[in-house]
Amino acid sequence: MGTVWIIGGIAAVAASFFLSGGDDIWQSLDAAGIAAALYLVVLAGFTMRKPFRFRTRLFTWCILLLAGTGVYLDWSGMSETAHRQKESLLRIRGTVSRSIMLNEMPAPLMKVLRSYCDQPAKKRGTLGKAFQAMYPADSVGKNIHTPFDQQDNLKIVVASVSDTEVVLVGQETAIAGIDVYKKNFDGRAGMVQARAVLTERGVRYEPEN
Amino acid sequence: MNQKTEANKGGVRRLLFGSLGSLLLLAAFYYSWVSGHPASFYPWVIAARITIQEGLNGWSGWSTVPAGRFDVLSALLIGFVVCPALFFLGWRSLRTGRGSRMAAMLLLIIGGAVTVSVSVPSFPDALRSRKRMVEEKEQRAAWNAKDNLMQALNIVALDAQSYWVLPPAKGGGNNSFEGYRIPEHLGSHGTGRVAIVKLGTGELRLRGWSTAYPESSVLLELDGVGNRYSFSYEGAFRL
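Those protein sequences? They're chains A and B, same order as listed.
Each residue of the first sequence is one higher than the one before, starting from 1 at the first, in my numbering.
Each residue of the second sequence is one higher than the one before, starting from 1 at the first, in my numbering.
Treat the hints as calculated values from the structure; they're not laboratory data.
These numbers come from a predicted model, not from an experiment.
Don't be surprised by glycine CBs; every beta carbon is placed ideally from N, CA and C.
It is possible that part of the hints are untrue.
Example chain B residues on the side facing chain A (calculated, C-beta under 8 Å, incomplete) [unchecked claim]: (1) A67; (2) M133; (3) R140.
Not everything, but these chain B residues come out facing chain A in the computed CB check (under 8 Å) [what the hints assert, rightly or not]: (4) I50; (5) I78; (6) V82; (7) L94; (8) L158; (9) D159; (10) S230; (11) F231; (12) S232.
Cut-off 30 Å, straight-line C-alpha distance, at most; resulting in silico cross-link-like pairs (DSS-like, lysine-lysine) [said to hold, decoys possible]: (13) A:K122 / B:K131; (14) A:K129 / B:K137; (15) A:K142 / A:K111; (16) B:K198 / A:K111; (17) A:K111 / B:K137; (18) B:K137 / A:K182.
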């Protein structure tokens with residue numbers, strides 16, 4: 001009889017765990033936890049029946065209720081804390097990424113702007129030509145960012161070069177931004193992205209996700 | 001006389017099994033203490049480790065899913081199915097007098113030791129984690145506000161640098177910050193505002209305030225010639 005109870009319990013809880021499986025471990029754990037709680041209630045009800053006295057039963061149910069409350073509070077608190085920590089880590093990574101973009105993207109454009117403004121007005125030419133003169137190897141579509149290390153997935157791409165405007169787009173390939181549905185420059189969705197634009201009015205920086 | 005001897009034997013047996021159970025409990029606590037995982041039987045703690053590992057992987061730019069799902073299930077099955085079942089079935093067997101008394105006692109003690117070690121410490125743990133959660137929530141809100149402000153200040157600083165470089169004909173200051181005004185769309189945003197607190201030919205100081213932390217601020221000092229930035233923080237942002 002005891003073996004049936006144990007095997008039955010294992011089967012029910014394991015089935016709940018696997019059948020509710022998603023990407024998040026907590027989905028499976030919560031489903032299996034509910035199954036385990038129901039199993040414990042049924043098990044306690046079955047084993048605590050007569051000849052156990054009413055007082056013993058009442059005491060046991062009170063202890064079970066208290067223990068269950070403690071487990072529930074710890075369980076839900078831990079779930080919230082873990083998700084918050086994960087979210088926080090990803091947010092910090094996004095912030096670091098945005099800071100790197102803000103540091104890396106405007107710098108070459110500002111350099112071009114300085115050189116452009118330092119030339120006499122009659123000899124200035126266009127912004128596009130000034131950019132190409134300073135960075136002849138950086139054509140449209142090229143990633144101009146040199147990774148800091150193997151974990152650096154940032155790309156800074158020359159998006160467009162015209163007489164009046166030079167556009168750089170910075171995009172992460174593995175770091176999620178604020179809007180998960182936002183279409184990225186390279187066709188992905190939801191990644192951190194920003195744009196730096198050089199015009200005759202200066203350098204503009206636009207965070208996009 | 002016989003009854004007395006039987007009662008004594010029962011008492012000795014209970015004492016022996018009680019000591020065995022206590023030793024097992026102590027061994028479990030000692031093991032968890034030495035292994036550095038004070039809650040090895042807690043499935044939710046193992047799940048939390050997995051979730052945080054996912055966060056760390058995301059932080060590193062990796063998309064791998066950490067292993068450990070079976071550890072979670074094993075802990076749940078041991079702590080919430082097998083051991084409580086052993087405990088309740090052992091207790092019932094002792095109460096009804098069916099089956100071996102010694103086996104029933106052993107089931108009761110082993111099952112009870114693990115069940116108690118899983119459920120009892122969860123109360124203080126829950127209280128501790130709630131307290132920590134509130135503190136972290138406050139800290140994180142301040143960090144987010146500070147990061148947003150720093151980004152806003154950096155964007156204004158970039159605009160000011162452009163102003164410094166551009167000639168007056170293009171709306172610039174020609175190597176000076178004199179006359180610089182923060183564009184309206186950059187000066188205030190949903191969560192805060194940025195204002196000029198000091199303006200000189202080659203020096204600009206910008207201060208940002210967050211709506212959520214009006215007593216706190218971030219100061220950015222910008223040197224136009226060398227484009228050197230320096231940040232300083234006030235109030236809750238001085239973390």
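*Give me the numbers of the hints this structure contradicts, sorted from smallest to largest.*
1, 5, 7, 10, 11, 12, 13, 14 and 17
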